[in-house]
Each structure stands twice: as structure tokens, then as C-alpha cells.
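Colleague: One letter stands for each residue in the lines below.
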Amino acid sequence: MGDSMKQDFPIFSREVNGRPLVYLDNAATTQKPSCVIDAMTEYYSLSNANVHRAVHTLAGEATEGYEACRKLLKQRFNSDFAVITSGTTEAINLAAHAWGEHNLQPGDVVVLTEMEHHSDIVPWQMLAERIAIELRFVPVEEGLLDMDALEVALDGAKLVCVVHTSNVLGVRNPVEQIISMSKSVGARVLLDAAQAVPHEMIDFKELGADFLAFSAHKMCGPTGIGALLVSQEAFDEMHPFMGGGDMIQTVTLEGSTYQTNEHKFEAGTPRIAEGVGWAAALEWMSEIDLKSHHKRLLAIAQKVASRLEQKGMKVYSTLRPRDAAVVSFTHPTIHPEDFARLLDAQGIAVRTGHHCAQPLMEKLGVNGTIRASFYIYNDESDADALLSGIDRVLEAMA
Amino acid sequence: MGDSMKQDFPIFSREVNGRPLVYLDNAATTQKPSCVIDAMTEYYSLSNANVHRAVHTLAGEATEGYEACRKLLKQRFNSDFAVITSGTTEAINLAAHAWGEHNLQPGDVVVLTEMEHHSDIVPWQMLAERIAIELRFVPVEEGLLDMDALEVALDGAKLVCVVHTSNVLGVRNPVEQIISMSKSVGARVLLDAAQAVPHEMIDFKELGADFLAFSAHKMCGPTGIGALLVSQEAFDEMHPFMGGGDMIQTVTLEGSTYQTNEHKFEAGTPRIAEGVGWAAALEWMSEIDLKSHHKRLLAIAQKVASRLEQKGMKVYSTLRPRDAAVVSFTHPTIHPEDFARLLDAQGIAVRTGHHCAQPLMEKLGVNGTIRASFYIYNDESDADALLSGIDRVLEAMA
Amino acid sequence: MTWPSSIQEIIDEFQEIDDQFERLEVLMDFADEVDELPFDEWSDSNLVRGCQSVAHIEVNIRENLVWIRAAADARMVQGLQGILSIAVNGNSPETVIQLTPNFAEEAGILVSLTPSRSNGFRTMFDMIQNRVKEEIL
Amino acid sequence: MTWPSSIQEIIDEFQEIDDQFERLEVLMDFADEVDELPFDEWSDSNLVRGCQSVAHIEVNIRENLVWIRAAADARMVQGLQGILSIAVNGNSPETVIQLTPNFAEEAGILVSLTPSRSNGFRTMFDMIQNRVKEEIL
Ligand SMILES: Cc1ncc(COP(=O)(O)O)c(C=O)c1O
Ligand SMILES: Cc1ncc(COP(=O)(O)O)c(C=O)c1O
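Residue numbers (the working numbering), protein chains in the order written: chain A, 1 to 398; chain B, 399 to 796; chain C, 797 to 933; chain D, 934 to 1070.
Bear in mind the hints are in silico, worked out from the structure with no lab data behind them.
It is possible that part of the hints are untrue.
[Unchecked claim] If you want the ones that stay clear, here's a sample from chain A, every Cβ over 10 Å from chain D, calculated:
(1) Asn17
(2) Gly18
(3) Glu114
(4) Ala128
(5) Tyr258
(6) Gln302
(7) His335
[Claimed, not checked] Mimicking SDA-like on lysine to any residue, the simulated pairs with C-alpha atoms at most 20 Å apart in a straight line are:
(8) B/Lys712 / B/Glu540
(9) A/Lys158 / B/Lys556
(10) A/Lys264 / B/Leu651
(11) B/Lys662 / A/Arg392
(12) A/Lys314 / A/Thr250
[Stated by the list, open to error] Chain C stretches covered by chain B per the calculated footprint, using a threshold of three residues with CB under 8 Å from any CB of chain B:
(13) 805 to 819
(14) 885 to 893
Note that beta-carbon positions come from the ideal geometry of N, C-alpha and C, so glycine has one too.
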């Protein structure tokens, strides 16, 4: 299954250090199928022009290509609004500025968790410096959110920001429950879905969150583009974030009026080629049955995890039925960087370090982990390569 | 000259409405040479990975590719700091947040001009709403900045924001003089160089400005990426803008510390493929003699402008020796959109509308203009096509 | 799909043209079909919103028949209004409500009218239908 | 370029290896060449800044000869420190100042050490030279 899919991805015909590439750094970024690369090449070779407000043919084609991305996003995720950003990080910063700054008062409570990626911590810390909101962090116990502590933390909360699926552990949080708990205290909910949208289908309206942030590059799309989905209620409460061309209706020396749709939040020349590429990725993904891949990959990850434990490593990932196929582990004596470099010498790409989640590392009591993360084009052969690669590392370091 | 260069650009082998493409919308965005398109294709096909903090081979290659862009920017523009953004617009918003918000007090004066692009107006209007600074607009007379009025406006100014070269008129402002006048009152200077860097070589340190903002897509590079060059003094005064991965040193629940170099202002996964593409564009551009192209294109634009005046059109562009080759014009009775659409029917791409500069339009007393903007791959044949295309329009509308 | 004969004629006329320039010329010729809304009757209530250039459309129902008056600064927009006038004027509200704007695509009128302008056509079409619905409901 | 024989030997040793895994194994073997800086002497002043993993280097000049002690949590970083020890230890400050870090590239030691790590090598190299300069100037 995975193997035939690899044929769609040019990168899998390359070798690394004389070995076929075994790419297990998918939580950092995913590879791109030919159709995505080709769509961008075609855009630049045939239709490149600046979008909106123009009457010539290329500009029309460019506008259609770019806006197709928004249309596909709205369709796939069942959302009325899809603001296009440069990625998850900018999407969350947009929410903090465009919504947070105008709807939170000093002393208002924002609930976060210890499992958050830095992108869902730092923007709120910076907002707290600007307008003195209170940040409460829900603790993580044994890799899982402490739901009782969440219940307590929700008291008086105006906004709840939670990572849907952890990039470190693969933990898929009970977001349905978290949303309903949050809604019952009247809080708005932001989900960091960077690791969620690659792995499961999300119906934004049905889910009932107010903001959903994610990046194209983690779902087979290009770098430099992402989105913030926004509920109607939250959209009505948002004010512009960045100013410039395309987001205005009128500009005078005395002041400006803004667009009323998503363009209000997309200042300047948009990410046109990126939009075209992401649209191609979304179309390609629409043919993929994420559910069956999830099942397949989780089984692979579980097998890897149990073999690693047998070999004496500590595995931090939970790998429960809905968790993502991410195996985070450490070896009692081998430094993660040495480990990863010796795997790389065998063509195997894994990631090491704090994974932009230092508070979680602190909680796990480690400086960093080695992380192997699987995606739809991975298969048993990748797991086997990883396991025998690890054996060679263990032998060499024995 | 232009014609042989067109061979480097795949788009020039396409037809529009059955005619060879005549692309004269370069001030909106420029076309991309094969080497730029190929560099991105190659990146996605061979080296795609997330950058920084990783030890595997692909990640190393991706990091090198991305950071090469920064290195080339610093070299080309002689700057100590090049913060990578998604474009001119984000660069100016970055300056407004990271510098303006932390270095301006209520009542402080920021000087702008009536010639600014919306991207250099709206961010400052939004800042004025946040911290009650005073905005002063230097008037435009006959298409040129009123330098006496600037002198007066500078009194007490903390920051001066000027468009280096106007996207509507091609006017190249006396930025050297403006910088020295501004510096003599102790003001920092931001130049909107979106239209400048494509047309002339800029030595940032020699020029002496504090901020220089521009976009890759207007200088043969990809969409979705741009830069803010910053002087050492201004850099030291800047605080982080967006928060997230890559811009931090440490994150704890209590607070975070930040990187000390440009990464401090680049939160989240950067525009990796875009950086690779821009690096290729910068290398390609390094072989181009902008001065001789400028002379050549200006002569073409001057010829077009005088022919248009003969045919009864009003030309707003000044086309003085250092101005960019931009011809903005209107016809006494034909609506700009009808005009542009009839040109497009002949394969000729020009832009119409307010060009994201409504205050300037107001000053010129028009709703919009038709704009033909020339770039290094354009040549006499494009000008001839435009002129005969215009003749056909005039005949049809007579 | 079959269309009322007045519309079918328009479709046929456009489909005969290969050249985009000529197609636009024909489109502009339809501007003459507009019953012009005089400048001093332009108002916010008849302004077409979301159109790039200035456009106004006023919808009247007299003796159970729909009549529009319109104006626009760009001649091609007037041309679109002319085509809409042919499609709408003198028809019953029920007929107008059942029209779909697809004929413009079928005719190739919208070929190379960029999204913003073809949306302009759609916007004007929708505006007419909404006004008619408001009147008769 | 010619190198001191101790360095030339390292270059030769690395250049013989084709396999990246073996190259890294050899690199780690050089960790044994480090005169280890004990944990309780780790301090801010001997911390290598800008290195991803924890690394410390202390530079001493005794009887006009340079000696370094070092430690790192990752074994490959220790290996790099071992190589630096061979290049530096027992040489005069003047010799050390004139060294360039290029030999690491020539040896292919840095092949597939990603920029962050090869920068780590450079950072450690620069730190040693700067300390030596501070001492003798
Ligand atoms: C003078 C000027 N400033 C700013 C901009 C904004 O650039 P971007 O849309 O790439 O952010 C442009 C281009 O549209 C411009 O011409
Ligand atoms: C859970 C999570 N949140 C946020 C991000 C940030 O995404 P980006 O770097 O694309 O902005 C990532 C990816 O690094 C992530 O895994």
C-alpha cells in the first residue's frame, strides 16, 4: 500500500548516504506528491500573475487558482471561513491579535495545556504581556491531559487553546469533550490542529470549535502556507491584524475601511503559488482514506514501540486507538543526537530534540527524545529499516 | 536583449487569447526564470525537510538552502540583518509591531507620504489606533513629493516611512536626501522598496535607512516570501512580533526567552522552498546589469508615454532619469477596465484600478489608471505590441 | 438545456465568434439594450455591491411584468446589463425567478472575463432575482 | 594545503572511509582523546554557546603551550573535541592562532554533519582561538 504510493513522491527515488531514503520525520513536515510539485511548476510557467482586482487573463487564472484553495479548505473541513496564513504559527498569532486582543480584558483567563507546541504558548504569553490576561496550564500526567485539572482550570475561562494531537507523543486529546466542557462555561476554543488534519478528517462545524489552525506542509502541501478556520461567531468578533493591500475597502489619510470576508485578514500579495500547490494537495488527499491509513500506521508504530521497549528503550508515546503514529523514545545512555546521526548514516530520517515543546519535555523529565513519525506513504519496510538501523546503532555503541 | 532573455522564462512561450503573451504588469508581480522554478522543484523532489535543530541529511540540506537566501540577501544589499517575511506587507507590519509598538509613545510623530502603497499606510493607521501616535502625510504635487512640506512635517518626527519608488507613477523619490533630513532630526527611516529593489542596486548600509522592506515576487522570485533589512541600531530596539517555534531559546510556563539573531522574528516553520527559490533568483539577478536595463526600459517607457499623449491620453508617470519604467495613463472617455480587457483580448497584460494607492488616486483626481510596467525581459517588441493594441482599442471605441 | 428564444439568440450570436476582441465588442454593443437609469436616480438601494466598477440596477414590476433600468461606468458592465435586460424585461416574476445565469457561460460571454467580473455578472443576476422575490412574496 | 602531521593523519584516516556510519564511529572514537573536564568544573565561562547539545571547553596555557579540557553530552561532539585536542594540545599559542578549521572539511569529517553541528565545530574552534588570543594579548 505505502510502497505503491511512494511512486507518487519523487523524493523516494533518492538515496541518503548510499541507502534508499527512509523518511520518518513526518511530524516535522511531510513529502510532496508529484501533482503538488507539478501544479506549482505549471502555475509559475503558465499563469503567474498577481491576484484580485485585475482584468487580464493571467491574473484571472491566478486568482482562480488561489481561491480554489480556500474553496477546497471550506469544503474539506466544512467551514464558513478559511483565512489563509503562512502556517499554523501565524494562524495562532492571528487569533491572538485579531480576536484575543479585542475580546479579552486584563485578568481574563486563557486556558492552555502543558502539551502545547511553542506556537500555541508563546503568542499567548506575548498577549499576556500586552494586556495582562491570566494563563492557566492544564497539567499532563503520564502523557495525557489531566481532565479533572482542566475542569478546575475552566472556571471563568474566556478562551481555551488545546493541541488536538501532540507532535511529541501523538496523543490525540479528547477534543470533543474539551470543547463541550469549554462551551458550557462560555469559552471560545482554539485547536492547534497542525498534527490533526494530516491524520483524521475534521468537520469543523460539527466539532464546534471557534478556531482551527494548521499548516499545508504537514499534509503534503507546500511550505509557506496554512490556514485558520473560524466560526461565524468568532469571525464577527475579529478585527484586522496586519494592514496593507487587498484587506481594505477604502483607504484615506483619515482612516480605512476593511473587507468583510476573509480577505480582511490577508494583507498584501497572497501566497499564490502556495495556494495553487495546496489546492492540488487537497485534491490529491481527497482520494485518500485517512481512516484505513491511520489503522495501518498505528499498528506499525505499535510494533516498533514494543520492539524498542524490548531492546531497552523508553517509549513516551501512548499509541491508543486514535493517537497518531508517532514513536517518541530515548535510550538510557545513547545521546539522542548520536542516535539520530547514526540512523541518518543509514538513510533513516528521524527527529531529535525538544520538538518545540519544552514544557512537555520538562514534564517528561528529558532534554529531548528521538521521534519517528509515520505518514500515509510509509509502510512495514520503513519500520523494518528503522528497527534494523537501530540494531546497528546499539551494536556500535555497545 | 529582452527577447533572448525571454527564453529563460517558460511563461513567454504561452499564448493568451491566441496571441503571444505581452506581459506589462510587472509592478504587480514579475515572471520567474526557469532556474527559480527548477530550484523549487528540485527542493521538493530531493531535499524537502523541516529546517533547523535537526540532524538528518535532508534537514541539513533544507537548512542550508533556506539560509543561503538570507546570506545572499545580506550580500546583495550589504546588510547585517535580513529578517525573512512573507512579503513587503508583512515586513512593514513587522516593523510597526516589533519596533513601532515598543519605541513610540502616544503623541509621537510618524511621517508618511500621500504616495504610499496601502501596505505603508494601513499598518501605521492601525498602530495609531493602538498607541495614539500622530500620522503626518507629506503631500504630492504633480506626481512628486513636496520636499518643503516634508521639511516642515519632520519637526519632532520619530519615524519616517517613504516609498522608495512609486508603484503607480514609477517616481523614484530622493531617498538619500530624505534619509539625511530625517536623520538630522533623529528619526528612524523605513523605505518601502518593493518597487526599488527590482530596478536598482541598493547598498543598505551606505544608504543609511533603518528598515528596507521588499518582496521576492517583484524581483523574479517566488510568492510568499520577502524581507525586512534592519540596521544594527534599529535591530537592537526591536521586540518579537509573532511567537512560536524557532524564534525562542527557552520556553517555560512562566515565560520565554528569545533568539538573538533574525530568527527571533521568524516564528514557525519558515518559507523553506520559497527561500530556496528566492536564492536562485538572487543568484540569477546577480548576473544582470540593472543599470543598463533601466536605461533601456526607461527609453521604451518614454516612447510609449509620448505616443499615448499624442493619441489623446493623459499620462501620470514622470519618467525622469531615475524613475522606473512605469506608464500610468487614462483615456478621456474609455473606462480603464474596458481598455484593459480589450488589450487582454489581444494578449496584452496591463493593470487597472487604484493600484493599492487610493490616497494618491484621490490626489491625482482619478478613480484609477491603466498601468503598463516594464521589466528586464521586456523589449521594443512589447512596446510596439502595446501601441498597436491600443490603436485597435481606440478604433473599436471610436 | 433549452433557453427562452431571446436568450438562445444571444447564445448563438456569441458562440459564432472565435476572436476574444470581437466577443467583447459584441458584448459592448448590448449596452444599447439597457433602459438607462439616470444619474440622479443612482442610490445606495440600487447600487450593485461587490462589483469592481460602479453599477446600478433598479427592478420594477408593472402589471405583473419585470422591467429593469440600469447604468454602469464601464461599457462592458453595461453590456452585461443589456443582456440581463433582454433576459428579464417583459417576463413574469415567476419566469425571472426560474432563470439560471448559466446561459452566460454557455454563450462563452464569460470566457476570459476574470472571476471578479463574472462574479459581477452573477452578482447583478442575483440582485435582480432577489428584488423580484422581495416584490412578489 | 599542508597540515601539521597530527592533523594530516586525521585527514588521511577519515578520507579512507566511504561509509558514513563508519565515519561517525571513527569520529566517536576520537572522544577518547579528550582530557575530560569534570562535571563539577562545568561553568558558564567554559560553556560553548550556540551549540545544540551541552558542551564545555576550557583552554589553558602552561609554559607557553596550549592545552584544552573538554566535555559534551553527545559522543560525537566529544569526538570533535578529541580532534580539536589533537590539533591544539601541546602547540604554541601562535601555532594555534594560525590554524584554520578547514581541515575538518577536507577530511570529510563534516560530510553530513548538518550545518548546526558543523557550526558547532566552528564555534568550538573559534572559542579556543579566542581564548588563546585573550590569554596572550
Ligand atoms: C510600493 C509597494 N509597496 C508595497 C507593496 C506590497 O507588496 P506585497 O503585496 O508583496 O506585500 C507593493 C506591491 O504590491 C508595492 O508596489
Ligand atoms: C502541534 C503543532 N503545532 C504547531 C506547529 C507549528 O507549525 P508551523 O511551524 O507550520 O507553523 C507544529 C509543527 O511544527 C506542530 O506540530
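Colleague: Look at each hint and say if it fits the structure.
Modeller: We went through each hint and held it up to the structure:
Not every Cβ of chain D is farther than 10 Å from the Cβ of A/Asn17; the closest lies at roughly 4 Å, contradicting the non-interface assignment. A/Gly18, annotated as away from the interface, has a beta carbon of chain D within 10 Å; the closest lies near 7 Å. For A/Glu114, the condition that its CB be more than 10 Å from all CB atoms of chain D holds, with the nearest at approximately 23 Å. At roughly 29 Å, the least C-beta separation between A/Ala128 and chain D is larger than 10 Å, which holds for a residue marked as non-interface.
With a least CB separation of 42 Å from chain D, A/Tyr258 remains clear of the 10 Å interface cut-off, as annotated. The non-interface label for A/Gln302 is consistent with chain D: the shortest C-beta to C-beta separation is roughly 28 Å, beyond 10 Å. Non-interface call for A/His335 relative to chain D: violated, since the shortest CB-CB distance, roughly 4 Å, does not exceed 10 Å. The straight-line distance between the Cα atoms of B/Lys712 and B/Glu540 is roughly 13 Å, inside the 20 Å bound, and the hint therefore holds.
The straight-line distance between the Cα atoms of A/Lys158 and B/Lys556 is roughly 38 Å, outside the 20 Å bound, and the hint therefore fails. For the hint pairing A/Lys264 with B/Leu651, the CA-to-CA distance comes to about 33 Å; that exceeds 20 Å, so the pair is violated. A hinted pair counts as satisfied when its Cα atoms are at most 20 Å apart, and B/Lys662 with A/Arg392 does not qualify at roughly 39 Å. Distance hint between A/Lys314 and A/Thr250 is unfulfilled; the C-alpha atoms sit about 59 Å from each other, more than 20 Å.
Figure legend: the stretch 805 to 819 of chain C, annotated as covered by chain B; annotation consistent (4 residues with Cβ-Cβ distances under 8 Å, at least 3 required). Counting residues of the stretch 885 to 893 of chain C whose C-beta lies closer than 8 Å to any C-beta of chain B gives 0; at least three are required, and the coverage claim is violated.
Hints 1, 2, 7, 9, 10, 11, 12 and 14, counting from the list given before, are not met by this structure.
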